[in-house]
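Colleague: Here's the letter readout for the chains.
2 protein chains.
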Amino acid sequence: MTRFGIIGASGIVGREINKLLVSTHKVPISSIKLFASKQYLHRNIAPNVNNIDKFNIDKLNDIDILFSCVNKTFSKKYIPEILDKYPDIKIIDNSSAFRYDDNVPLVVPEINSNIINKDTRLIANPNCTTAISVLALHPINELFNIKKIIMSTYQSASGAGKAGIDELIKETSNYLEFGKANNQVFQYSLPFNIIPHIDDFHDNKYTNEEMKVVKETKKILNNNNIKISCTAVRIPITRSHSMAITLETEKKIDYELLSNYYKIFTDVIKVEDDIINNKYPMPIITTNKKEIAVGRIRKSLIYDDYGCDMFVCGDQLLRGAALNSVLISKILTDI
Amino acid sequence: MTRFGIIGASGIVGREINKLLVSTHKVPISSIKLFASKQYLHRNIAPNVNNIDKFNIDKLNDIDILFSCVNKTFSKKYIPEILDKYPDIKIIDNSSAFRYDDNVPLVVPEINSNIINKDTRLIANPNCTTAISVLALHPINELFNIKKIIMSTYQSASGAGKAGIDELIKETSNYLEFGKANNQVFQYSLPFNIIPHIDDFHDNKYTNEEMKVVKETKKILNNNNIKISCTAVRIPITRSHSMAITLETEKKIDYELLSNYYKIFTDVIKVEDDIINNKYPMPIITTNKKEIAVGRIRKSLIYDDYGCDMFVCGDQLLRGAALNSVLISKILTDI
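Keeping their order, the protein sequence lines are chains R and G. Counting the first sequence from 1 gives a position; my numbering is that position plus 3. Counting the second sequence from 1 gives a position; my numbering is that position plus 3.
Worth double-checking, as some hints may not be accurate.
What the hints assert, rightly or not - Where chain G lies over chain R, by a calculated footprint (3+ residues, C-beta under 8 angstroms):
| hint | stretch |
| --- | --- |
| 1 | 31-39 |
| 2 | 173-184 |
To be verified - Only part of the chain R face toward chain G is listed, based on derived beta-carbon distances under 10 angstroms:
| hint | residue |
| --- | --- |
| 3 | A163 |
| 4 | N227 |
| 5 | I231 |
| 6 | V274 |
| 7 | D276 |
| 8 | R301 |
| 9 | G310 |
| 10 | I334 |
Stated by the list, open to error - Calculated pairs, BS3-like style, for lysine-lysine (alpha carbon to alpha carbon, straight line, at most 30 angstroms):
| hint | chain 1 | residue 1 | chain 2 | residue 2 |
| --- | --- | --- | --- | --- |
| 11 | R | K208 | G | K254 |
| 12 | R | K36 | R | K62 |
| 13 | R | K57 | R | K151 |
| 14 | G | K151 | R | K150 |
| 15 | G | K254 | R | K282 |
| 16 | R | K255 | G | K150 |
These are calculated hints, taken from the structure and not from any lab test. None of these values were measured; they are calculated from a predicted model. In this text, a Cβ means the ideal position worked out from N, Cα and C, and glycines have one as well.
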């Protein structure tokens, strides 16, 4: 029986973690303590939840596993303090604060749970785009050794949290009624528009979101030699992120072998690749689903037998964040 | 003074051609004859238009330049007949019927108008996605010789004609009101969804839309050695197509040289690339505009100095179809 804590429990990822803990029974629960900042305490988290509390570092006693679902600044500030103050607590952090720290495992359980050991006290949950795409890439990398990854993303409004969805819905309605949409969450109005800008720009002119994909994919696949490029684009849909991916591999791709290998991962990967019957990954089929969808797999027109193009889609709040975190917590309790 | 004809005048591209001919004065007009199929004759084309007629091959007399804006089947059937029956008529075809015919020029005026001569009687207008992206690619190809192009598209509903826009708007409204959207034009409901399937699938598992980009880009750039891959995706926006593009070049890219070269094309290319001030291409800035937008230009993380990533956006009805056609007509009248 495990005692859980969720900081940022009223946020979009915090809520999903709470729902998953309660509904999936992946880990036997003794208790769940929920924390949020003062201004979000009024949010209706879930029908059965009324014990949400204001975050205070002194209130984290009686917790075995703590999910931190706030942001990088919060994590940088509080996580070292929490680890120090509560020597038995283990933390799964959903921010990017520690993802690139060599001493902190960055984990997608189906790929690299082996890097967690009894002494691991802090685990980073990957960026949601990476958590989805890397699941589709891992089998290809295992079988044929990926050399290059070129990715273009189609990212939903909820990647910017609850405020992102709310703004998209409200402003789409305004656009239809008054012919005009405003914006506060996004850099520009998102209804009937797309924005090739997610998170801040780096000096190399790639966005932080794009560089997260580059750095985290290499770290999770444990291969610094893979060359990766990414263009991350916000699009006007509510939930699920998609990616168009072009790959070059070291070994010749055997599509039957790949198809069989994907079957090992049926809990997490659904191959939706039957073009004769119009079956391919789409946000409407992955939203609220735990499995990512992989499809449009086809021999590369550039790399011929040594590469392929594919399309991947997944619920970034579940598979890309909450579910991945809950699965990490299961490893921590089983170890 | 030129006598024009437009077949498919009530369609989305036919209307734009009519509007451009009347408004831009690119070519002095003597007359414009408009034709549509019977069921579309009632459509309100433009405030000043009341002479639209049912298409009949016997009614095409007194026309110097004819725009055909119907579809491939129509063009395959009627264009050879029209060319035969009216020896002085010149035709600009917006369908894909003759684009891959070695004897038919496929023209983007700013790139390859030189392949049109006095005897040219049929010119193919490229696919709208290609017509936009190739404008951004041509300067790079001229300066640094493109070796590889990897493109992912973000294509608007109006790529499927007026019915596509109408369905998106109506069904978005239905979704917001009733939580459910239907579809007739698209394979699946498009509001708050994306569909990685435009046009039919080929045997190689690429869609016809993707293969149009591959074949037409090579033909317009007059370089069969370029290797091209494409993933074409329909997204829930009304107008303008966008593309995330990754390039490998033969020569080292000099970004200052490129920036200066783009300036030669200011009539057609607007460089929107000032990330400090959040300036980059987006559908809301290119819709109803004649210029395409090019931005997010950055050194490749894969090909280093010999490649770049970029984002391109353009109004596919204007720049990708109607305007390109009207500019071709200007060349035909000037020659």
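Colleague: Could you work out which of the previously given hints the structure breaks and list their numbers from low to high?
Modeller: 1, 3, 4, 6, 10, 13, 15
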